[in-house]
Amino acid sequence: MLKIENLQARIEEKEILRGINLDIKPGEVHAIMGPNGSGKSTLASVLAGREDYEVTGGSVDFLGKDLLELSPEDRAKEGLFLAFQYPVEIPGVSTTNFMKTAFNEKRKYQGLDPLDAAQFLKLMKEKMKLVQIDQALLSRSLNEGFSGGEKKRNEIFQMAMLEPKLAILDETDSGLDIDALRIVANGVNQLRSKDNAFLVVTHYQRLLEYIVPDYVHVLYKGRIVKSGTKELALELEERGYDFIKEEVDQAIA
Amino acid sequence: MPEQQDDILDEITSSEYKYGFVTNIEADEAPKGLSEDTIRFISAKKNEPSWMLEYRLKAFQHWQKMEEPNWANVNYPTINFQDIIYYSAPKQKVAPKSLDEIDPELRNTFEKLGISLNEQKRLTGVAVDAVMDSISVATTFKEELSKVGVIFCSMSEAIQEHPELVKKYLGSVVPATDNYFTALNAAVFSDGSFCYIPKGVRCPMELSTYFRINAKNTGQFERTLIVAEEGSYVSYLEGCTAPMRDENQLHAAVVELIAKEKAEIKYSTVQNWYPGDKEGKGGIYNFVTKRGICTGDHAKISWTQVETGSSVTWKYPSVILKGDYSIGEFYSVAVTNNFQQADTGTKMIHLGKNTRSRIVSKGISAGKSNNSYRGLVNVAKNATNARNFSQCDSLLLGDKCGAHTFPYIEVKNNTAVVEHEATTSKIGEDQIFYCNQRGMDTETAVALIINGFAKEVMNQLPMEFAVEAQKLLAISLEGSVG
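If you read the protein sequences in the order shown, they are chains Z and H.
End of the first sequence sits at 274 in my numbering; the numbers just go up one at a time, nothing left out.
End of the second sequence sits at 483 in my numbering; the numbers just go up one at a time, nothing left out.
FYI, nobody ran anything at the bench for these hints, they're computed from the structure.
Check before you lean on any hint, since a few could be wrong.
[Stated by the list, open to error] In silico lysine to any residue, SDA-like type, Cα no more than 20 Å apart, as pairs:
| hint | chain 1 | residue 1 | chain 2 | residue 2 |
| --- | --- | --- | --- | --- |
| 1 | H | Lys456 | Z | Leu159 |
| 2 | H | Lys472 | Z | Leu159 |
| 3 | H | Lys472 | Z | Glu165 |
| 4 | Z | Lys121 | H | Thr445 |
| 5 | Z | Lys121 | H | Lys427 |
| 6 | Z | Lys129 | H | Ala448 |
| 7 | Z | Lys121 | H | Ala448 |
| 8 | Z | Lys129 | H | Glu444 |
| 9 | H | Lys427 | Z | Lys129 |
| 10 | Z | Lys129 | H | Asp442 |
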């Protein structure tokens with residue numbers, strides 16, 4: 022579904038991604054872990070199409086299309102979803118209104134008619150249950166005054182509504198307590214299918230106990246330096262990132 | 002500014018002001034220039050009684066002694082008042098006795114503008130008074146309204162048919178001497194609407210006037226007067242458009258509202274005068290004096306305005322809260338783009354006891370425009386327990402536009418509670434990217450965010466017009482992203 026080859030990117034003259042290679046097939050959950058500054062969030066942002074980052078090399082194929090050639094909104098319409106680490110607030114625009122606009126844009130792209138208010142509301146009620154979000158929250162301005170947990174649950178709610186093919190979760194666990202984490206993870210797990218895939222970017226192994234990955238990759242200094250299964254995550258939890266850093270730095274030396 | 006947004010700006014050429022067309026119809030015009038003769042010409046054309054001519058001449062004499070004010074935060078080239086035609090009326094072959102007899106050219110014009118002059122087509126059940134240049138062309142539903150005692154007709158007609166009412170109320174809220182432009186208006190006012198709602202009557206339909214400037218080199222000086230007797234209610238809306246021309250045209254209107262005891266007047270404006278082209282050439286000067294007075298206890302007046310057009314907007318719809326427990330409200334969305342300028346706001350004058358006022362002003366600036374809010378909350382010495390809440394929010398799109406706030410608070414009674422909140426913000430790139438990532442292109446994202454910003458004001462508009470106004474908001478900001 023997603024094939025990244027030798028992806029390089031920088032921001033303001035600073036090289037961050039120095040050659041990422043990754044292959045994600047439908048039905049798979051890949052986790053990306055790594056120390057601070059390794060480029061995890063940069064990878065998520067570059068895939069989503071954030072213009073602050075300049076792609077200096079490599080290619081990304083998404084469902085047979087050249088992802089880097091598409092605008093952020095077209096990437097979204099093709100089925101790419103990014104659950105933001107810090108979801109932004111949009112005063113005056115309710116989540117309901119926001120989602121209706123986004124949802125119907127996607128339907129337009131697919132050549133379908135937009136849903137009317139009643140149908141849309143019905144769909145919303147269904148998906149709301151997934152992350153235990155209530156109507157009152159959705160009528161408020163998008164993310165305005167939401168707690169950290171509410172913001173993250175809102176991200177997953179939006180994901181449930183838009184049913185993407187590839188969902189990138191950018192440190193979705195940051196700032197969440199155990200209960201919120203469980204709710205978010207449960208929501209994600211319910212959306213997993215053999216037709217979609219997930220790229221979970223995280224610092225800590227804890228989330229991966231709830232969203233069990235098929236593959237774990239460690240990002241360090243802009244490259245994927247180690248890949249494994251979920252056992253790798255447990256090893257990192259025990260030993261920290263230092264042993265990987267040493268391995269890599271020694272190999273270079 | 003990200004490349005992608007640059008591209009969008011480049012791609013979209015001038016935002017289509019789709020009302021910029023000109024109607025080819027012969028017009029009856031006064032010779033250019035302003036003198037006593039012009040005034041007599043206008044009065045004679047309208048067949049006015051002598052008292053009306055006197056009123057005009059007196060105002061004109063005043064105007065000649067006054068000086069044009071220049072304290073507003075706007076810049077415009079000096080107006081040559083002699084270079085304007087003060088009367089231009091489309092010629093109709095026969096004076097129409099019914100709506101069916103209106104000149105087809107005129108009817109087509111208004112159809113194109115989406116204004117239905119056809120009573121059979123009861124689409125919205127809105128009564129319309131259509132004014133083109135200096136005269137009212139048609140007024141719908143007059144008979145039906147008169148059945149409940151509501152008078153809704155053109156000002157010209159009111160002067161003929163209801164002189165006692167006009168004499169009693171004209172100039173009672175905005176005297177000719179009030180300011181330079183009201184003096185001018187009192188001298189040369191063309192046409193406008195007159196509404197009278199009798200005691201206890203809730204006007205059965207929305208009343209609206211649609212103003213259309215068509216002829217070249219003319220000024221439009223409309224005059225509207227609404228009187229709501231005790232316990233009555235009326236909701237009135239005015240809309241306006243003008244053709245695209247290189248020269249600026251002056252629109253100096255006066256609107257007076259009188260709400261008696263327990264009466265309510267809701268006055269909405271959707272202003273879409275030609276704003277000038279992308280280089281700032283042409284466009285209407287919109288210098289208006291609008292004022293309402295709550296004469297009786299528990300009276301209420303609300304002003305709602307969506308100002309998207311005109312090259313320079315200068316107006317402060319105000320409410321004088323004379324009656325005890327009277328309420329004044331002002332809701333405004335003022336949009337400026339390209340080289341437009343706006344200096345607008347309101348004055349709430351608290352005179353009676355336990356009066357309340359509410360001001361919600363949303364300014365949106367884009368391009369190289371300048372948008373100022375100027376408001377006055379005045380609580381007089383004997384105005385016990387006055388309450389005011391003001392909220393002024395500015396939204397800047399881009400980094401070449403300006404937003405300014407000039408709030409004036411004058412309180413002479415220490416039981417008053419006056420609250421003022423103000424915010425200034427930009428549409429963040431992060432917000433746009435968030436919308437992009439959910440599948441919305443930048444245009445859609447900006448429209449969504451702006452409508453969210455203006456929602457509190459847009460919600461005040463009568464439903465029939467809310468949708469159009471929302472679209473207008475989006476269109477007037479086309480190509481301004483960045």
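Results of checking the hints against the structure:
no. : hint                  : verdict
1   : Lys456(H) x Leu159(Z) : holds, 17 Å
2   : Lys472(H) x Leu159(Z) : violated, 24 Å
3   : Lys472(H) x Glu165(Z) : violated, 25 Å
4   : Lys121(Z) x Thr445(H) : holds, 12 Å
5   : Lys121(Z) x Lys427(H) : violated, 24 Å
6   : Lys129(Z) x Ala448(H) : holds, 18 Å
7   : Lys121(Z) x Ala448(H) : holds, 14 Å
8   : Lys129(Z) x Glu444(H) : holds, 16 Å
9   : Lys427(H) x Lys129(Z) : violated, 29 Å
10  : Lys129(Z) x Asp442(H) : holds, 12 Å
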